[in-house]
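Asker: The primary structure of each chain is shown beneath.
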Amino acid sequence: NAGVMQNPRHLVRRRGQEARLRCSPVKGHSHVYWYRQLPEEGLKFMVYLQKENIIDESGMPKERFSAEFPKEGPSILRIQQVVRGDSAAYFCASSSKRTENEKLFFGSGTQLSVL
Amino acid sequence: AQTVTQSQPEMSVQEAETVTLSCTYDTSESDYYLFWYKQPPSRQMILVIRQEAYKQQNATENRFSVNFQKAAKSFSLKISDSQLGDAAMYFCAYRYGGATNKLIFGTGTLLAVQP
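Taken in sequence, the protein lines are chains W and V. Using this note's numbering, the letters of the first sequence correspond one by one to residues 12 to 126. Using this note's numbering, the letters of the second sequence correspond one by one to residues 29 to 143.
If you are wondering where the hints come from, they were derived from the structure by calculation, not from laboratory data. C-beta atoms are modelled at their ideal positions from N, C-alpha and C, and glycine is treated no differently. Careful, some of the hints might be misleading.
In silico lysine-lysine, BS3-like type, Cα no more than 27 Å apart, as pairs [unchecked claim]:
(1) V:Lys-101 <-> W:Lys-114
(2) W:Lys-73 <-> W:Lys-62
(3) W:Lys-55 <-> W:Lys-108
(4) W:Lys-114 <-> V:Lys-130
(5) V:Lys-101 <-> W:Lys-73
(6) V:Lys-101 <-> W:Lys-55
(7) V:Lys-130 <-> W:Lys-73
(8) W:Lys-55 <-> V:Lys-98
(9) V:Lys-83 <-> V:Lys-98
(10) V:Lys-83 <-> V:Lys-101
(11) V:Lys-106 <-> V:Lys-130
(12) W:Lys-108 <-> W:Lys-82
(13) V:Lys-83 <-> V:Lys-106
(14) W:Lys-62 <-> V:Lys-130
(15) V:Lys-130 <-> V:Lys-83
(16) V:Lys-130 <-> W:Lys-82
(17) W:Lys-114 <-> V:Lys-83
(18) W:Lys-114 <-> W:Lys-38
(19) W:Lys-114 <-> V:Lys-106
(20) W:Lys-114 <-> W:Lys-82
(21) V:Lys-83 <-> W:Lys-108
(22) V:Lys-98 <-> W:Lys-114
(23) W:Lys-62 <-> W:Lys-38
(24) V:Lys-130 <-> W:Lys-108
(25) W:Lys-38 <-> W:Lys-55
(26) W:Lys-62 <-> W:Lys-108
(27) V:Lys-130 <-> W:Lys-55
(28) V:Lys-101 <-> W:Lys-38
(29) W:Lys-114 <-> W:Lys-62
(30) W:Lys-62 <-> W:Lys-82
(31) W:Lys-55 <-> W:Lys-114
(32) W:Lys-55 <-> W:Lys-73
Which bits of chain V does chain W cover? Going by a derived footprint, with three or more residues having C-beta under 8 Å, they are [claimed, not checked]:
(33) 71 to 79
(34) 131 to 137
To be clear about the criterion: a stretch of chain W counts as covered by chain V if any three or more of its residues have a C-beta under 8 Å from a C-beta of chain V, and this derived list gives those stretches [stated by the list, open to error]:
(35) 56 to 68
(36) 93 to 106
(37) 117 to 125
Put together the whole structure using the sequences plus the hints.
Answerer: This is the structure:
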């Protein structure tokens, strides 16, 4: 069983470009979470998606950031017009159910560097 | 708002010895979950141990155990018989019970294991 797969592992962008981060959850999982880890900090919740729906985006910056989890294919976190402050590790996690006892599986993250 | 505090940025332990990592949290909820995650250099977040707030008994997983003091809002991790492979960043995390898998993380403790 493959775990949560994130790609690319490293992504370099220049200021003003777009970054697209992909997350394939564990097979059969329909709940996806995105977290961001700034240097020297813990992970911060960004958004929670279920297939084709955004459930909670309270941690997502209001501008330039968007996320989707289509019926088919991976979840995508998209950052438009990147700035240096967007440099961070972005983690995806998945679970099969929205229950309190459900374990969360994390990917290895995408390290975004903005030049 | 819920917060998680890890006051030890770095800790060091000799191989085979015991070390305790501290974590305090703040919440007004009575139903919640607490976690310790390990993040090795590979960056993948690995669940070490989990504690349900309604359980009085401290959770244990092999060499890992917690000291959960609900009234003091303290949740420390004890690692016994430390091994070189335990060297990693350790994050304490909180999740409100009954809600999504939206975790609130502390800033982490970097654990070094000396041979």
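Asker: Please go over all the hints and tell whether each is borne out by the structure.
Answerer: These are the hints, each one checked on the structure:
Of the supplied pair hints, the one linking Lys-101 of chain V and Lys-114 of chain W holds, its CA atoms being roughly 23 Å apart against a limit of 27 Å. Taken as a hint, the Lys-73 of chain W and Lys-62 of chain W pair is honoured in the structure, with Cα atoms around 21 Å apart against an allowance of 27 Å. Our distance criterion of 27 Å between C-alpha atoms is met by Lys-55 of chain W and Lys-108 of chain W, whose separation comes to about 21 Å. Taken as a hint, the Lys-114 of chain W and Lys-130 of chain V pair is honoured in the structure, with Cα atoms around 12 Å apart against an allowance of 27 Å.
Distance check on the hinted pair: Lys-101 of chain V and Lys-73 of chain W sit about 33 Å apart at the alpha-carbon level, beyond 27 Å; violated. Between the alpha carbons of Lys-101 of chain V and Lys-55 of chain W the distance comes to roughly 21 Å, so the proposed pair stays at or under 27 Å and holds. Using a Cα cut-off of 27 Å, the hinted pair Lys-130 of chain V and Lys-73 of chain W holds, with the two alpha carbons roughly 18 Å apart. A hinted pair counts as satisfied when its Cα atoms are at most 27 Å apart, and Lys-55 of chain W with Lys-98 of chain V qualifies at roughly 24 Å.
Among the hinted pairs, Lys-83 of chain V with Lys-98 of chain V is consistent with the structure: their alpha-carbon atoms are about 10 Å apart, no more than 27 Å. Proximity of Lys-83 of chain V to Lys-101 of chain V is assessed by CA-CA distance (about 14 Å); at most 27 Å being required, the pair is judged to hold. Between Lys-106 of chain V and Lys-130 of chain V, the direct Cα distance comes to roughly 25 Å. Compliance with the 27 Å bound is thereby established for this hinted pair. A C-alpha spacing of about 16 Å is found between Lys-108 of chain W and Lys-82 of chain W, which places the hinted pair at or below 27 Å, so the restraint holds.
Under the criterion of a C-alpha separation no larger than 27 Å, the hint pairing Lys-83 of chain V with Lys-106 of chain V is consistent with the structure, at around 18 Å. With a CA separation close to 17 Å, the supplied pair Lys-62 of chain W and Lys-130 of chain V stays within the 27 Å bound. A hinted pair counts as satisfied when its Cα atoms are at most 27 Å apart, and Lys-130 of chain V with Lys-83 of chain V qualifies at roughly 21 Å. With a C-alpha separation of about 22 Å, the suggested pair Lys-130 of chain V and Lys-82 of chain W falls inside the 27 Å cut-off, and the hint holds.
Straight-line distance between C-alpha atoms of Lys-114 of chain W and Lys-83 of chain V comes to about 18 Å, which keeps the hinted pair within the 27 Å bound. The suggested pairing of Lys-114 of chain W with Lys-38 of chain W holds, with an alpha-carbon distance near 14 Å, which does not exceed 27 Å. Straight-line distance between C-alpha atoms of Lys-114 of chain W and Lys-106 of chain V comes to about 22 Å, which keeps the hinted pair within the 27 Å bound. Using a Cα cut-off of 27 Å, the hinted pair Lys-114 of chain W and Lys-82 of chain W holds, with the two alpha carbons roughly 22 Å apart.
Of the pairs offered as hints, the one joining Lys-83 of chain V and Lys-108 of chain W holds, with about 22 Å between alpha carbons and a cut-off of 27 Å not exceeded. This hinted pair checks out: Lys-98 of chain V and Lys-114 of chain W have alpha carbons roughly 22 Å apart, not beyond 27 Å. Straight-line distance between C-alpha atoms of Lys-62 of chain W and Lys-38 of chain W comes to about 13 Å, which keeps the hinted pair within the 27 Å bound. Distance restraint check for Lys-130 of chain V and Lys-108 of chain W: the Cα-Cα separation of roughly 13 Å lies within the 27 Å cut-off, and the hinted pair is therefore satisfied.
Restraint check for Lys-38 of chain W and Lys-55 of chain W: the C-alpha separation of about 25 Å stays at or below 27 Å, so the hint holds. A distance of roughly 12 Å separates the Cα atoms of Lys-62 of chain W and Lys-108 of chain W; the hinted pair therefore holds under the 27 Å criterion. A threshold of 27 Å between alpha carbons decides the hint, and for Lys-130 of chain V with Lys-55 of chain W the separation of about 9 Å falls inside it, so the pair holds. For a cut-off of 27 Å, the pair hint linking Lys-101 of chain V to Lys-38 of chain W is broken: about 36 Å separates their Cα positions.
Among the hinted pairs, Lys-114 of chain W with Lys-62 of chain W is consistent with the structure: their alpha-carbon atoms are about 18 Å apart, no more than 27 Å. Proposed proximity of Lys-62 of chain W and Lys-82 of chain W is supported: the alpha carbons are some 6 Å apart, at most 27 Å. Taking the CA atoms of Lys-55 of chain W and Lys-114 of chain W, the gap is about 18 Å. The hint holds against a cut of 27 Å. Restraint check: the Cα-Cα separation between Lys-55 of chain W and Lys-73 of chain W comes to about 15 Å, which is no more than 27 Å; the hinted pair holds.
Using a Cβ-Cβ cut-off of 8 Å, 5 residues of the stretch 71 to 79 of chain V lie near chain W, which meets the minimum of three, so the contact claim holds. Note: the stretch 131 to 137 of chain V has 6 residues with beta-carbon separation from chain W under 8 Å; the three-residue rule is met and the coverage holds. Under a criterion of three residues with beta carbons nearer than 8 Å to beta carbons of chain V, the stated coverage of the stretch 56 to 68 of chain W is upheld, 4 such residues being counted. Taking a C-beta to C-beta cut-off of 8 Å, the stretch 93 to 106 of chain W contributes 4 residues in contact with chain V, enough for the three needed, and the coverage statement holds.
Check on the stretch 117 to 125 of chain W: 5 of its residues sit with their Cβ under 8 Å from a Cβ of chain V, so the three-residue criterion for coverage holds.
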